[in-house]
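Below, each chain spelled out in residue letters.
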Amino acid sequence: MPFLRADFRLVFQFALATLIALGSAPHAWAQSTDVEAAADPASASGPAESDAQEPDPVAGSADVSERTRVAVLILATGELDPAMAEGLSEVLIGALAARGGLTIVGQEEFQAQLGQGDERTLACVSSMACLGRVGVQLDVVEVIAGTLAQREERWVFNLNRVDVREGEIVGRVFRETAGDLGAVADALSAAIPELYAPPEPPTPVVPPAPAAPPFGTLVLSTPVSGADVVIDDALVGHTANGGLRHELQPGEARVRVSAPGYHIWLRTVRVQAGGEVHIAVALDDAIEESAHPWVFVGGALTAVSLGIGIGLGVLSQETLLISDTQRMNGEVLRADLVAFYETRRNEAIAADVFFAIAGAAAISTGVALFFPERRRASGAVAIVPTPGGVLVRGSF
Amino acid sequence: MRLVLRGCACLLSLLAFGCTVEFPSVLDDGFFVCSAPEDCGPGQGCAEGNVYSADFCRPACDLDDPSTCPDGVCTISGACLDSCTIDADGTPSDCPGDEFTCVRIDAFRDEGVCYPVTGCSRTADCPPDGMVPQLCLNDALGLPATTVSAAIRFDNLYCSAAPDDEGRCPTGYLSFGISDADGRTQTACFPPCMLGGDGPYCPPTTTCFRGFGELVGVPSTPPCLPGIWGLPCGDDTHCLIGRCLPVGRGARACTETCAEAEEQVGDCSGLEQIGAVFGVASRMTCEAVGGVDTCVPRYDLLTLCDSQLECAGGNDVNCVEVAFGTETRAHVCVRLCTTDAECAEGTGGDENDYRCVPTTGSASICSRRRRLGARCTEDLDCREGQCCDVGDFRACLRSCS
Numbered sequence: 195m196p197f198l199r200a201d202f203r204l205v206f207q208f209a210l211a212t213l214i215a216l217g218s219a220p221h222a223w224a225q226s227t228d229v230e231a232a233a234d235p236a237s238a239s240g241p242a243e244s245d246a247q248e249p250d251p252v253a254g255s256a257d258v259s260e261r262t263r264v265a266v267l268i269l270a271t272g273e274l275d276p277a278m279a280e281g282l283s284e285v286l287i288g289a290l291a292a293r294g295g296l297t298i299v300g301q302e303e304f305q306a307q308l309g310q311g312d313e314r315t316l317a318c319v320s321s322m323a324c325l326g327r328v329g330v331q332l333d334v335v336e337v338i339a340g341t342l343a344q345r346e347e348r349w350v351f352n353l354n355r356v357d358v359r360e361g362e363i364v365g366r367v368f369r370e371t372a373g374d375l376g377a378v379a380d381a382l383s384a385a386i387p388e389l390y391a392p393p394e395p396p397t398p399v400v401p402p403a404p405a406a407p408p409f410g411t412l413v414l415s416t417p418v419s420g421a422d423v424v425i426d427d428a429l430v431g432h433t434a435n436g437g438l439r440h441e442l443q444p445g446e447a448r449v450r451v452s453a454p455g456y457h458i459w460l461r462t463v464r465v466q467a468g469g470e471v472h473i474a475v476a477l478d479d480a481i482e483e484s485a486h487p488w489v490f491v492g493g494a495l496t497a498v499s500l501g502i503g504i505g506l507g508v509l510s511q512e513t514l515l516i517s518d519t520q521r522m523n524g525e526v527l528r529a530d531l532v533a534f535y536e537t538r539r540n541e542a543i544a545a546d547v548f549f550a551i552a553g554a555a556a557i558s559t560g561v562a563l564f565f566p567e568r569r570r571a572s573g574a575v576a577i578v579p580t581p582g583g584v585l586v587r588g589s590f
Numbered sequence: 161m162r163l164v165l166r167g168c169a170c171l172l173s174l175l176a177f178g179c180t181v182e183f184p185s186v187l188d189d190g191f192f193v194c195s196a197p198e199d200c201g202p203g204q205g206c207a208e209g210n211v212y213s214a215d216f217c218r219p220a221c222d223l224d225d226p227s228t229c230p231d232g233v234c235t236i237s238g239a240c241l242d243s244c245t246i247d248a249d250g251t252p253s254d255c256p257g258d259e260f261t262c263v264r265i266d267a268f269r270d271e272g273v274c275y276p277v278t279g280c281s282r283t284a285d286c287p288p289d290g291m292v293p294q295l296c297l298n299d300a301l302g303l304p305a306t307t308v309s310a311a312i313r314f315d316n317l318y319c320s321a322a323p324d325d326e327g328r329c330p331t332g333y334l335s336f337g338i339s340d341a342d343g344r345t346q347t348a349c350f351p352p353c354m355l356g357g358d359g360p361y362c363p364p365t366t367t368c369f370r371g372f373g374e375l376v377g378v379p380s381t382p383p384c385l386p387g388i389w390g391l392p393c394g395d396d397t398h399c400l401i402g403r404c405l406p407v408g409r410g411a412r413a414c415t416e417t418c419a420e421a422e423e424q425v426g427d428c429s430g431l432e433q434i435g436a437v438f439g440v441a442s443r444m445t446c447e448a449v450g451g452v453d454t455c456v457p458r459y460d461l462l463t464l465c466d467s468q469l470e471c472a473g474g475n476d477v478n479c480v481e482v483a484f485g486t487e488t489r490a491h492v493c494v495r496l497c498t499t500d501a502e503c504a505e506g507t508g509g510d511e512n513d514y515r516c517v518p519t520t521g522s523a524s525i526c527s528r529r530r531r532l533g534a535r536c537t538e539d540l541d542c543r544e545g546q547c548c549d550v551g552d553f554r555a556c557l558r559s560c561s
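Residue numbers (this note's numbering), protein chains in the order written: chain P, 195 to 590; chain Z, 161 to 561.
In silico contact screen, one side only, chain P against chain Z (beta carbon under 10 Å); selected entries:
#, residue
1, L506
2, L527
3, A545
Covered by chain P, per the in silico footprint, the following chain Z stretches (three or more residues, Cβ under 8 Å):
#, stretch
4, 190 to 198
5, 201 to 213
Quick list of simulated restraints, FRET-style, between CB atoms:
#, chain 1, residue 1, chain 2, residue 2, range
6, P, E525, Z, D249, 37 to 47 Å
7, P, N523, Z, S185, 18 to 28 Å
8, P, E525, Z, P202, 17 to 27 Å
9, Z, S185, P, E525, 12 to 22 Å
Keep in mind the hints are simulated off the structure, nothing from the lab.
Even glycine gets a Cβ: it sits at the ideal position worked out from N, Cα and C.
From just these sequences and the hints, can you work out the full model?
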């Protein structure tokens, strides 16, 4: 399937490029994931004109002779094809490149630095510490990372702009868009200025009326560490130190907590803007019952022993027909006849031994059926598509 | 738990009725030809055959250890033949299989041995065997119905070859002419045997006596004579009258223990006379042999002899080959003599019973005068009557006319 996947990716990228060329998306489309944007604003007049409406602290303050290295990564979540996220990453890279002054490190290098697959990358995107560590590894100043998900007919993406040196989020975008991928690309391009919007300066004299925070907070508490927390089909992190705290858009959200050895916990929660929802997640042990290994060993032993026993039993029943004349004329010696039947008797004894073994094995197999092996489920088997193939995970 | 119990029950039934191999009964009951014990398999011996039967397989035994053949008769070749019994009315007990017949091996006792021959009690019981005439052994040997007492029986014997109308025996048999006191002759066909060789061996109730072969003219292949008191034997199957008991010096003879002789005929001397029928008179004395008081036979003076048994009479009596006339030579127990009276000394007889016979050399030897019907070379050999030509041989008759 890697060939089909590659073909699909090319078609998708071609479609995105066409959409970008026809729409208002940046034209700095590049096949490479590591793009050095032109310093000359004329080379990116479209976006420059478009973004000129917005304050651009990076463009305004950056020294063009010292390019800022930025790592960019958008990951698909849920059932979404990773190629879509990769395409959008390229759109994002193009849009950022159009801003100028940036050396952009793409998703593949990002993952190469991680040396792990999509799943762990997705977890890293949710972790400030991980993003900071990767940023250092990639020798970038900023990391712009986010996820793309599709919920019913709507696209949902979020982007976080992380200052690696300060270890804090300096920009954040969350969009929910209807329409096709072109609409997503447009929304992504349009969100860049917001990503670079300066933080609201504090008003020391008269604090402004507190604006309604754009996010609510979901606080999950569970004694199980390392559990996957998926909100609206997007992996948002793993529980640690008794739980997980996550900000999310107000409204209903489907929360799914899963961990190997436990039943999946599912709940729909409603989060209000600025509010906190505390949920105690009790993960029930998932006990798998499987046949005791002896069932299979004993069954096989029963079958093999029975087969051999039957074979030897049939052989042992062979008889030698001799006539009285042969016997009295000395054509058949008694010693030969005795030897023949001794052999048959030995075969019969061997057959009985194998029958006994088969019987004992059958009995023990039957007993073993009453004592299935119980163990904590180590996780469901899943087939996860990865670039260039699939990953099968779970316990077997 | 219920399943476990069922499984155990199933396993036990499988073990109980599992594969088994029944050895065919013919291995125990059947007649298998052999030439050596190895042909018979482990624990088996190869019983010596005879003119009626090839060598055949039977369980192995030790002739000197009766415990190795507790329910049978151990033969000289180390094969244990099954014993059988014969009821007073002559009905034998069953022998294993259809190929073995209960043959009497003791005229005094109702004892028999299972042997692969055609059984009979009278000649009418014998089916014709092709062109070979058949006689029941009692008729073939001219055995009387009773000899010593009415308790002696000669039934449940076996069919043997008979001479044809011209008095000729079938090929392979030895013929021996017998005459009565009036010169009526009869031919007896004796199976041949060989001592210490690979056979042929004697069939049941007969024994191989080398000295008689000399008399018949085939000293290297003597005939099988009925095993009667006083004759050498190899094992119990050879004796028709008496048991085959050790008599010292490694020899065995058809005889009785002293106690049995006392019960049957008064004492050991009562066993002496039957052998005289075949010219083999013996002196029976009760001696301890191997801790058992046994009537030990020794060849009487002037009777046929050979190295199988000793001659009676001390150091001056030896078993030597002598010539009778120009054709017949035989081993006899001899004493050198000069007169007939000298020969009668110490015998309880007189000059009518013994004579001093000159030999071709310078010495003369004592000889017993013969009874009527016995073979002779001249009139002086006969106790009474004359020595007459009766055809193929000369015999003592009342009158040659």
